[in-house]
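Participant: Sequence:
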Amino acid sequence: MEESYLKDLETAAHIIMAPPTVVTKEQRQQSENIFMNFRKTKSPYVLCQTILEKSVVDLVLFEAADVLKKAIIAEWKYIPDQDKASLRQYLLNYIIQRDIPVFIRDKLLQVVAIMIKRASLEDVGAERAQIIEETKKMLTSGDVKQQILSCSIIMAILEEYCNIVRSDDTGLTTYEHFRAKKQFEDSELLKVFVMTLQSMEELIKMYDAGNSMHSYLFKQMLSVMETILTWGFLLPKLQVIRVLQPSLSKKIIDTSETVTKALHAPPLRLHAQWKNIIFEPKLLEIFFYIYWKTRDNEELQPKALICILQLSTLKGPIITENKDESMTYLVNYLTHFLSMLSTIEIKEKEAYSFSLILRKLLQLLPRAEIKGLPNSLFEAYMQQNLTLTLKFIELSAMEEAMTPDETVYIDALGNLLEIWLHILNDKENYPIEAMVPFITQMFEKYIQYHLAAPDGMRGVGRDGDSIDEIAEFEESDRERFKEQLIIIGYFGREILSHSLPLLSKLLEDRTRSLGTQLHMLHSTKTMDACSSKTLVNLFEDIHWILLITGHVLALEADGESAMIPTEILQFCNQCVANNVTDVNNSLKLLASPNQDIQEIANAEVNADPVIRLIAAGFRLCELEKSAIEVRMYQFLSPELSTTLVWFLRRWSDAYLMPLNEDTVSATFKQAFGAGSQGSVWVINYLLNKICLNAQYLRAEQSVIEETCDLFLVLLSRKPRCQAIFGSEFFRSICDLKSVDLPVSIKRKLLKGFVMVGASVENEELRADYLGKILQPIEDKYKMLISHQNFQSVYQNEDVKLKVIEILEELIGCVQGAYSNSLTIIFTKIQGICKEIPTFLNLYHNYTIIVELILELVCEIVSNIANVSSEKAIRTAILECCFSVIRIYVKNNSNRVSLDTANQDSDPVDLILILKLINHLTSKLLFTDDFAGSDETNAQSSEICIFGITHIVPLITIDLIKYPDLCMQYYSTITSFIEEKSHIIPTLHPDLLKQLLGSIELGLSSFTSEIECKCLEFLEIYANSVYFNQDPQAPMAQLLLPFLKLMLDMIFGQKIDLNNTMDWYRTVFVMICCFPEHYKELLHNFLSEQFDSEASLGKDLVESMATVSNIEFVNNRLTKSKFIDKFDKFVVLVSTMVKK
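Just so it is clear: in the sequence shown, position 590 is 590 by our numbering, and no numbers are missing.
Keep in mind that the hints were calculated from the coordinates and are not lab data. This structure is a prediction, so every number in the text was calculated from the model and none was measured. Check the hints yourself; a few may be wrong.
[Claimed, not checked] Below are the DSS-like pairs computed for lysine-lysine, each with C-alpha atoms no more than 25 Å apart in a straight line:
no., residue 1, residue 2
1, K890, K961
2, K182, K275
3, K42, K84
4, K525, K482
5, K834, K800
6, K1054, K1119
7, K1128, K1079
Model the full assembly from the supplied sequences, consistent with the hints where possible.
Facilitator: Here it is, written out as structure tokens:
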């Protein structure tokens, strides 16, 4: 029987592996069925052993190993102990004695590892210890083949224990996985490390790089070491956790196991028992010698490097409980590492890891204790950091020039800069006086490698003709090098007495040189290759000087209010106190942008250093203005113009009418303080610059966008808004409404204009001002629709462009609205809003206009209706929304696909209409407390129901595959069902059916986040069914099939494990709705999976009873008990059902 069955399996394997042209479809199907039946074999141990002994077909051998694995997992508790031991020993002997393919060997080793892990929970690891001991004998036997095999056995065991949350399905609960891993960590892991280390020490003595067997064995040993040293050790406190809630335990344990989630392996968090071996000086000597020996081997070097890297990350009790030994270890490590660095030339593939080692070593002990290093060693460490930082500044600059897509040295430099930041932040242990020489060298080097020759070294090794070509492919330097610039800016603030004069001199000299070049070009009207190169280098130099200066003068705000850095305040105050700064001369310099600093007596000596830099920026603005006035646009650099406006925006946000004005110097108060003549002059100057850019540089998208951002930043504080409102130049900016600007820019400008209005205290004046801002839009609109043939010309291109312009401007106005301007704005645009549905109907075939209309309505709902307390406004907005949704539905009811010309992006109009419904659903503005009447609340519900009813059918399976649309859709329907749960019983069954149909799709077809949204929807829906207490109601009957669907997905392991507890919570609520149906489903499921009740097994029967004999009352306590029991039941079922 067994021989005949084996013959059938081998024949089937040959057919499956045969080319399609040799066998028929029916033959292949029959062969697959043979293997499918083989996989369902119960207690296949004897059969599989026979196959392993007699078959020579690899596919059959592999399938036999896999069947063994699944049977052992499912039937473990029912296999006699003697048979377990016999099978395990047989498999080990088979692996040792047979020459089999690696993939079959690894599968069998996995089976052995699973058996070892399961057995360890019963015998406290006794058998595992015995196997480890036998493996040790193989490892020390001297027989290379036996040593390689022993490493494979060790690796299989390590891989089975190393990860709990992502462990292979071995039929264990999370807590059992936790116990097994903790037990292995405490008993055998150190033994494995020691015996592998000893074998590596012996092998390295006789290592022959030309011997392939030696290299393979070394690779296996290093793989073992790499696995141990990157082990996600369980946190010590986890030893005392009694896992009551599976979700909590998984999250806690997963915190310890960050290997697959982090960019780097987790720190080496060792327990005290590792003390003797880790603190043995010879350990580091061995690993560094191994790295030195394998450094040129492409296969071995990465693993050896990871080992020495991980040894620099020691954490945990072994450090905290052994301070003296830890210091000795750090000294030992640094000695070996610095010695190695002094004798080698660092390769590109080593740069990042070596910089990371230096960074990790600094974090090994508290900063105060690092100072306990021997002075000579600490100085060597600091000097090595400096040497590498300077070298990597150079190499990263070359990398940027030659290979802009690579970031090896850029990332390595980031690590080294983090070291210096770490040190400089601890001024108590590292006095700034001692750090100044280091900081100065790095700051100067960074500037040097971002300046062209002769003063700088930028572009060394790069062909100058390729500059423009390279630049086209680069992202913004400001974004790409953001982290570097932030730290370099920090360095600059630590040496202000050096950095500010240096930056000022560089900016002034380069601006002067640029002026000379532009003057020559204007005179000659021609530009040769040499002039072109000079000009490009000057543009790039000034661009980088401005970037560095901007980061020295101001901090990254990241959504917070920008403030003048404390270091700068103290430095400038000290300059005033020491009579170094002349206030009057500083103000004169600031207010003379058309003069060179050398033309103002003593300005280079006694001007405030910050004002000197800002004045240099203004001088550059004047130079650009002069070039524009003589129509030399073609010679200007858009990148530099953009950076210049960014620089103006960055410093003005912090310095102009500063928040910390009470701490600024007298110079700053007169130059930038609220109400001062200086601040008025500066605001006027900046507004004039904004006008100039808008008029003459609007063709450059980056320049005009940055200019608009400067305008909006100036408006971000009320005192500045009020000053701007009173400025004569603001009238010029307001006139930009009539300038031919991109519509997206006009949107930002109108937003700014409306923001200014909010700062006007006088209500009558505010209303008059906002009326003047909005009136041109209203006039354009009236002129448009009053055209006698509008219905016949509305499709003309110029008419459509006018409609787009009006919509963009309206969106900007609404976005800039504040509470004190809402009523004025909506009153002015109410007439247009009433016609929005008409325009939507007219232009329903023009995607851009449809999207703008929907965006405008969304902005009105979120910006105006959300804040306005007037019922009339809210009611009008509701009516507008209802009409817009109704018109959209009417014109899209037969929609079957996307615009074929735009298939690469999400359907924005659908996303916006869903977002609008989401606003109407989830915003508090339409609840009783805010709207003030049941009528309004009912109206909002009616709109949402109408929208959901008619929009859901438009979301086809093809459309919902678009990620943004998918997320918005599920967010909208979940928000709807949550906020309007009280009306679920009144919804039409057809609508509920459509919603639940999309939920069924979402449970299995999209991302984990979408799956979670679907579960949230079902839980809310099921709660509504439960509290409605009518199991025969349509809403209940539509939910009923989901109970079986969800149980099948859970038992079949077709769910995202990260959402496991969400599944259990949702299932519990559904069971509360249909407790009897649940018991019936459970019985039917197990009947289908098991041949008889006797085959269920005692454990499964008892577990089934615990999850069935619960009083399914929908409350928190019952839910918690159910989840705990259900989790154990699911684990049992998943190991025993037919595969």
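Participant: Of all the hints given earlier, name the ones this structure violates by number, lowest first.
Facilitator: 4
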